[in-house]
Each structure stands twice: as C-alpha cells, then as structure tokens.
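Trainee: Residues per chain, in single letters:
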Amino acid sequence: MRDDIIGAISTPPGEGGIAIVRISGEGSIKKVKQIFQARVSSKDLLVQKPFMLTLGWLKDEEDEILDEVMVATMKAPRSYTGEEMVEINCHGGVIPARRCLQRVLSTGIRLAEPGEFTRRAFMNGKMDAAQAEAVIDIIRAKTDRGLKLAMKQLEGKNSDYVKELEDFLVEANMLVEANLDFSEDVGDLDYEQLRQLLLKTSAGIEKMLKSGELGDIYKEGISVSICGKPNVGKSSLLNALLRKERAIVTDVPGTTRDLIEEYINIKGIPVKLIDTAGIRETRDLVEQIGISRAQQAVRDSDLVIFLLDIEAGMNDEDRAIYNDIENKERVIVLINKDDLMVKNISEEDTKKNFPELKVIWASTKEDIGIQELEDVIEKMAVTGLMDYDNLGLTVSLRQKESLLAGKKYIQEALDAMGEVTLDCLGVDLQNAMASLGEITGRNLKEESINRIFKEFCIGK
Amino acid sequence: MIYNAGSYEVIVIGAGHAGCEAALASARMGCKTLLCTLSMEHIALMPCNPSIGGPAKAQVVREIDALGGEMAINIDKSNIQMRIINTGKGPAVQALRAQADKLEYYREMLKTLLTQKKLDVLMAEIQDIETSDNKITGVITKTGARYKCRCVVITSGTYLKGRIIIGDVMYDGGPGNQFPAMKLSASLLKNGINLGRFKTGTPPRINRRTVDFSKMIEQPGDERALAFSFISPKQKKPQMSCWLTHSTPETHRIVMDNIERAPLFTGVIKGRGPRYCPSFEDKVVRFAHKDAHQLFVEPEGRHTEEMYVQGLNTSLPEDVQMEVLRSIPGLENVRIMRTGYAIEYDYVPPSQLKLSLETKMIQGLFTAGQINGTSGYEEAAAQGLIAGINAALKIQEKEPFILKRNEAYIGVLIDDLVNKEIDEPYRLLTSRAEYRLLLRQDNADIRLTRRGREIGLVDDTRWELFNRKMDSIENTRAVFQEVSFTPADEEMNVFLTGMGSAPIKDRVSLWELLKRPEIHVADFEKMKWIEPMDAEISEQIEVQSKYEGYIAKQLEQVKKFERMENRKLSPDLDYDEVYGLANEARQRLQDVKPTSMGQASRITGVNPADINVLYIYLEKKRRN
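From first to last, the protein sequence lines stand for chains G and U. When we follow my numbering, the leftmost residue of the first sequence carries the number 176, and every step to the right adds one. When we follow my numbering, the leftmost residue of the second sequence carries the number 2, and every step to the right adds one.
Any given hint might turn out to be false.
To be verified - Calculated from the model, a selection of chain U residues having no Cβ within reach of chain G, i.e. all distances over 12 Å:
id	residue
1	N87
2	V94
3	D134
4	K238
5	G312
6	E400
7	E425
8	L430
9	F467
10	K470
11	H521
12	Q588
13	T605
14	N613
Said to hold, decoys possible - Partial selection, computed: residues in chain U whose CB lies under 10 Å from chain G:
id	residue
15	G272
16	Q353
17	Q545
18	Y548
19	Y551
20	Q558
The set of hints was computed from the structure by calculation and includes no laboratory data. Cβ coordinates follow ideal geometry from the N, Cα and C atoms, glycine included.
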C-alpha cells in the first residue's frame, strides 16, 4: 500500500473566490508547516486544534509571501481520507491556486493521482464496502477524463516536441548503456557527445516550461491593479482602458469605495483590471474595509499601475502608497493629467524617484498615453518569456512536474559527469527517463535498449 | 510396448547448463532425481561461444554460486583464461569473464553429477510426459520405459524440433549435429502448452594450425589470480590468449555477392533471432556503411586445435563461409573444422509460467533455460537452479523460492520472462536491472548466501566461510569509521598532498577519506594506519564507502518498490470478477496471474488506474 503524502487542488478549476489545496498522508502537517507562517506567530500547526482555521501566509522559497491563506489540519483517522490531512484555503483563480499547489509539491509531496483521495478514504474504511463500485467509477471516470485531456494535449505539436526531447534522452542513455553492456563492440564513450545530448534535452525542457508559462498567460491572463491616492484619476484610467463608462467618476475624493474589477483583452492577453479604492488613512468604517481589500488586491496582482497627478505633484501621501507596494519591479508609473498647464512633476523628478521603472506621461481625459500603457502591459506580462520563441504549447501541472523532475535528474547527471563512474551516471539517467517518460507513457528504458541494437553492430 | 522402469521424485529432461543445475539442486535438497540426456558425451555442452561471464552474466554466475549452484565452481576448474572487463566503469558493471576448455568443462561437470548422492544419470530421449488431472505423473522414453515422478523439469535447450540450416542445406538436428528431440513438442501441445519458434546461430570453427596470429592483436588474460566461486581457491592457471582481427571490404563484397543464397534473406528462416547476436550477413546488410567488423578468435580448449570465430555466426552456404573466412587478415589459409549454422527450435513462451518456473497449466511441470526463450549458458543455468529448487520444494510441500528484482539478476531475468512479451531470445543486460548498483558481482554472496542456506543448498563449509567474511567486513568497517585524523596530524596531510588530494580541515575518519576517488585501502595499508587485509574484504570496504551515496539512492527506490511487491495477490483471483478493469488489463492479468501488486503493475497493458481498481476490489473482498 502506498502511504506517501499526496496533494491536489480539490475545488473545481476556474474563477472562484477561494480554492482549496488538499494534502493527505502521515506527516502532512509537518510538511505544510515548513512553508506556512501563521499571522499570530505563536500559533503552531502541529499543535493547533484540528478543524480550526489558522490565518497566515504561504511563503515561497525566498521566504516571500506567496498568498494569504487559511489552513485547517485534521488528524488521522478523523478526516476524509482517514489519514492526517491539511486543507489550505488560498485565493481562487487558476493561477493563484496552481502557484499554491506547486509550492506544496516543492516540499516533496506527490501530486495525487485521479481519484486517489477517494481511494484512500475507501481503503481506510471511511466508506462501506457497498460503495466500492462507486469509488471505482469515480477513479475510472477521472482517469479516463484525464487520459482524454492528456491525449488531446498530446496531439500535434506538444507530442512531437516531447517525443523529440525523450529521443535525445534515450540516445544519451543508449550511449551509456551500450558502453556498459557491450564495451567490446562499441568502443569508448564520447563524453562530449553525451554532454551535448543532455544539454539539448535540458534546454528543450526549459523551453517547454517557459512556453507553458507563456501559454498560461495567454490562456489564464494576468491581473493589473490601479492604485494611487484619491482623485488621481484611477477610475478615469480604468474607463479609458475600457473605453466605456462603468466606474463612477466624480470630483469628490473617496467615491469609489469598493474594488471594481473589469476584464479587457490587451493584444490577446486577458487582463483583469482592478481599480482600488482610494488608499489613504480614514476613519470611515466602510472605507476601511475597502482599503484593506485594496491592499490585498495590490499585493496579489501581477502588475501595478501607480498613478500620480501632475498638477498635484508628489506628496507624502503618494510616497506612502508607493512605499507600500511590494515587489516594485512590477510597477508602471503613470503621470496623469499631462494635458494640464500646471506641471508639478518633471522628468528629473521621476528619474530620481523611480529610476528603474517605466514612466508613462498620459492624460486619461484626452486619451494620451493609453496606447503606450497597453504596449507596456503586454511587454511586461511576457518579459523573460518572450525571448523564447513561442512553441505554442500548453503544459499541464502534471506534465510540468515530470519536466521539472526530469530536468533535475539531468542536471545531476551533468554535474556528476567525470566525477563518478559510469554505472552511477546511469542511475541519474534512468531516473530522468522515468520522469520524462510519464508525459507520453513511453517506456524509455526499453526503447533505449532497443536503440542499442539499432545503432550499434553488436554481436558475439 | 511400454514398461515401468522405476520412479523418482524429480526428473530433469536435458543435461545442458540448465539441466545440470536443476538435477544437482533437486538431489542436494534430498529428492530422488533422474537426469536424462540424449548423449552421455555431451553433458554441459557449450555448443556456441567458449566463454562464461561478462556484464550481467558474471553477476548471475556468482549468484548461482552463492545459492549453492555448480556453474562457478565448474568454470573455476576448467578455465583457460580469466579477465575482468569494464574495469574503471564502476563496481556495478565490472564483470569477470572466463574462456572455457569445453572438454574439461564437460568432464568436471560429469564427475560432479556422477558422484552426487540421490542422482541418477540416464541416456534416453523422453518423448512423452504423462499427466493426470493436470498433474505430472511420469515420463516415457523413446525405448518404451515409463518413469513415474511427481515433478518434471524440461531443460531441452534448442533440441525441441531442432532444425539446422546451412545455405540451402537443411536437416533436423540439435546443436553440434546432435540428435534433436522431435516428439516431445507434440506431448507439450497435447497438454495445453503453447509453443513458439526461435532461431539462433553459431560461427564456423577453424583449425588453429592454419591461423596466422602475426596479423592479429593478442588478448591475454589478467595477471591476477581470479575465480568465480566464493569458495574456489584463487589460483592462476596457464592462460591461453584470444586474438582480435576484423572483416574487410572484400569480406563484405563476398557476403553481398552471395546474399541471394543466404537463408536469412530468402525467407527460409522464419524463427525470430536475437538482435544482440545477429548473423554476420545481417550485420553486413544492416550496417552497410561499416567497412570492418571486429572478430575475436578464441581457443575452444587445451585438448583441441579448434578455434571459435566470435562475431561471425552465419548460415551462409559452406563454400561462402570458406571464402568469407579467407578474406580476413590472418585467416588467408584457414581450414574449417566445423561449419557455422543457424538452428531453429521450439520454445515455450514464458508468460505461461509462474515465477517459480512451474507451468500454470500442468502442476509439477517446470521449464528452464533456452526452452523459455532465453539465450546464454548463464541465463540457462540460473533458471535450471531455480526450477530444480522449486521442484524439490514442491515435493517437500514448501513455498516456492522466488528472487525479487532488487535481490538478484536471476530475479530480474525470471520477472521479465513472465511479465513481458518476449519476442526474441532474451538475454540479460545490466541495463535491465533497475537496482544495478545493488546487484554487483562483488556482493552476490552477501545478497544470497543466507537464502541458499535457508533452502538447504549452502553446506556447512560455505556457511562458515561466509560468516567469517561477514564478521571481518563488519569489524573492518568499524575500524575505518573509528580511526580518524585531524589537521594537526601532519602525516595525514603530507600523505594527502602527495596523493594529489586536498588536505583535511576538520576531523575526518578513514571511512570518509576513502570516498575520495584517488584514495584506496591499499594506501592506508602502506601508511600502516590499518592492518593488511584480504583483497575481498578491502574490495567490500572500498565499494561500500565510495558508493555509499548512490547506494543509498537505490535503497530508497527499493523501499518504494517493495511496498507494492509485498502486497500479495492470490493466483486464484478471477479477474473477470473485478469490476472496473480495462479490457486489455483484464485479459493480461488473467493470462499472467501475478502474485503481487508489484508484478501486476509491470505487466504490459496494465495501467495505474487498473492497479487502483485492484486495490479497492481486494479491500472490498477483505471486508466481506
């Protein structure tokens, strides 16, 4: 019986307020503890009462906040699967939930097979025997659907590309194995040839991963929040981008009390625009709620447009809002009302205050700079990804997991090359083949044995 | 007229490498055993290459030895050259290989068989197996003798309906022009055993006195005294060399000019041959861009002038064979002593077997060796041993003896045979073993002597030697871990600098130092930091230290593997009853009848969802 720790997103895919990442298996709580920081620092998941929600943050590898989450723990056997379990309530939407799951998997937790939670629940006596067939139906249905999905994904380009990568790896392994089993027939191993093949495979995997990320962006979009002090023109900017009147625009500060979300399409990328309420000190309770939600929205969005009013200049309130924005590299500074005569912000000011950032001079009223803003949003969304020619591939989470594992083993082989004997190198290569082979279901080990006989003239 | 000639507990049909091991194991385990052979002069015959061992095969020979088998001891007695190949590529693939004196190999094995208690050897052709209620009851010889028995092990090699092909000459025959066994196939078919047809081949043998060795490269044996068996004295016999030459463009022209006379290409040969051992004509056609193929000329023994031309197995007509040979450097004036040939034979597709090598169809009927679609003396001997053991265990009414993939190459071999669809003669390769780093030739005794002792094949002498060795390894290891040095020990850093190794900065044990590739046990011995020790002890210490990290990696993989392996499946499980299995999986599971969840997951056509379905089915059954 397999008893390792498994994890998966258990809420249906798509937009939702929250998503739940579910983890099951002995040691689940300890694993999640490694990547979770409770808001009340004295709270410890390991001793936390089961079924109680603990508020806190999921941390990434650099200990930066990944998401604000609520975590519930369950002790065996009092859980759905009958095993120790953790449920992480994270923000909804495909990207945040996937990011969260990926962090969970990075601790060594395995992505659950289709229907595996249900299977475990059954195996641990959480369902009676009469339900066995229903459980099997669930597993079958999920597997078959997953299979169909995978098959669809593997049609055409994707499949050709993965197969090509697998072929490189098979060839690399074949060289090693032929040398081990038939050294008298095949002569010395060409280490350079081997290295080149592994580098080629690794680069191909990298390209595929990047392409997948790009695909994600075009498929799932990005979020852009607009922030700045009241009356700086946030709603006007939103409207300029939407080219329609939707948010209420007035001259009284603080009229946009809640978040306004709108979806637009910038050069093929779905963009969720979030107009934040005026972020400022206030005693108004309704507004306070709006403000904390605004801060959360700014924290979660992929890009942030920071608005300044050229006539009002940049004061302490602007600076405070700007300083609150984390990860400044995702900020676009937009100097609004550039059509006005009075200009209290100069180019020198922006160079001094935002040396690394993109600054756009605009007027939402006169439709100046909006086109440039759209260009900048597109460019930033695909930064670092566009250097790779777009393979147009979509990469599922499961495929991504296999690709990452394969890449890791190939790297281990590359690092060990020359340091260890050939039989040890074989261990890394076999692991790499097992990982990559999962994507297409090919038995790469068997194929590489077959390749030996095709490529080399073996014979006693 | 059939008459009753006697009764045995176990009867072994065929006295090749599989048959000898099977008969010896059965008799040594206390069963009254009969070994039948077509020819008393051809026991333990090596009809093909005159060598034993090499990658994957050497490991098997030592596994046979650790389990109390005979092959290692017999080749230690009868070798004319020993060599370690793959040195420098790591302990997992290092392999001992011996050139055999074929005649001596036969004589030594015959002596062992004839002096074995509880074992009779009989020259007879078995034409029929007798069964009742799908159980073995006896065998019948060509001359009408019925021998009753409870178990039969068929180790018929390539003799079943053997057919020899040389150009357009074809006739029924066993290897080396022996009598074939023409009748037994029909008896197997009648009992519901399916048969397939494979092909293999062998090169011509040439007369040493007509070879010009000055045009070849000499391949001498190792200087060291070597042995396969863990209990053989390591002694160096006078070594005979092998010789390396190669084919020429002229050779290939001759083959191509006569290709329409090659039975392989005219459609005469239908059986599937092994890709790792292709005919020479096949090599020339498939690798047309190569203008030379290397050929090894190997002595067949001290008592003969015959030499084997490794790499030249062929079924070309005899006149072409002669022409081909004479186009090879050093063989310009060569004379053939035996013509090369292809042989086709019946085999039992091994998915019909259990992991014990008993047929699923007939209780008490076992098959082992080339009849199971394998090739190689070592693969045959290994199966013979396992089949012999399991026949004896069946008589003793004990559980079958099965080695797992993480325990032995023998386990890999049999697991592959039973679970994979075998469509060409199967040969072991180190790349077939997932846990290669654990299955080394140097630790075969450590892996398996205990298992051999449990079944009663490891005698007191071997057992005592083994225990002494284990103690010695443990004690030595402890010393290596205890003795440590600090940077203040100047002697150590002077030594390390002298070895081109980095000086130490903290306290370091000898065990840790040994992990450095450039440092060896012998160096420590020289520095007098440790007492001198036996080579086999220092070998273990060195491998265990240097490869500790990778070995740990593999042990981690084994843990996962064993979880599924330990979940047993009943052979009576009716897969038609299991709700939710995919059709192909259901069919294959029904055919193979796996004994564990792990085995089920390795069957071609069974996917993870089917395994999940099985888990649930079993759980439901358990609760009801």
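Trainee: Now, for every hint given, state plainly whether the structure supports it.
Mentor: So, going through the hints one by one against the coordinates:
Here U/N87 does not stay apart from chain G, with its beta-carbon only about 6 Å from theirs, under the 12 Å limit. For U/V94, the condition that its CB be more than 12 Å from all CB atoms of chain G is violated, with the nearest at approximately 5 Å. The non-interface label for U/D134 is consistent with chain G: the shortest C-beta to C-beta separation is roughly 36 Å, beyond 12 Å. The claim that U/K238 lies off the interface holds: its Cβ sits roughly 23 Å from the closest Cβ of chain G, which is beyond the 12 Å cut-off.
Listed as a non-interface residue, U/G312 fails to keep its Cβ farther than 12 Å from every Cβ of chain G; the least gap is roughly 6 Å. The Cβ of U/E400 lies farther than 12 Å from every Cβ of chain G, with a closest approach of about 22 Å, so its non-interface assignment holds. Its closest Cβ contact with chain G, about 9 Å, brings U/E425 to no more than 12 Å, contrary to its assignment away from the interface. Distance check on U/L430: its Cβ comes as close as 5 Å (rounded) to a Cβ of chain G, failing to clear the 12 Å threshold; non-interface status is violated.
Its beta-carbon lying about 25 Å from the closest one in chain G, U/F467 satisfies the requirement of being farther than 12 Å from that chain. Against the 12 Å criterion, U/K470 stays outside the reach of chain G, whose nearest CB is about 24 Å from its own CB. The Cβ of U/H521 lies farther than 12 Å from every Cβ of chain G, with a closest approach of about 14 Å, so its non-interface assignment holds. No Cβ of chain G comes within 12 Å of the Cβ of U/Q588; the nearest lies about 17 Å off, and the non-interface call holds.
Residue-level check failed: U/T605 sits 9 Å from the nearest beta carbon of chain G, not beyond 12 Å. With a minimum CB-CB distance of about 5 Å to chain G, U/N613 fails to clear the 12 Å threshold, and the non-interface call is violated. Using the Cβ-Cβ criterion of 10 Å, the hint placing U/G272 at the interface with chain G is not satisfied: the shortest such distance is roughly 17 Å. Given the 10 Å rule on beta carbons, the hint for U/Q353 is violated: about 22 Å separates it from the nearest Cβ of chain G.
The restraint placing U/Q545 at the interface with chain G is violated, with a minimum CB-CB distance near 14 Å, outside the 10 Å limit. Because the closest C-beta pair between U/Y548 and chain G is about 7 Å apart, less than 10 Å, the hint holds. At about 5 Å, the closest approach between the beta carbon of U/Y551 and any beta carbon in chain G falls short of 10 Å, and the interface hint on this residue holds. Because the closest C-beta pair between U/Q558 and chain G is about 8 Å apart, less than 10 Å, the hint holds.
Hints 1, 2, 5, 7, 8, 13, 14, 15, 16 and 17 from the list above are not met by this structure, while the remaining hints are.
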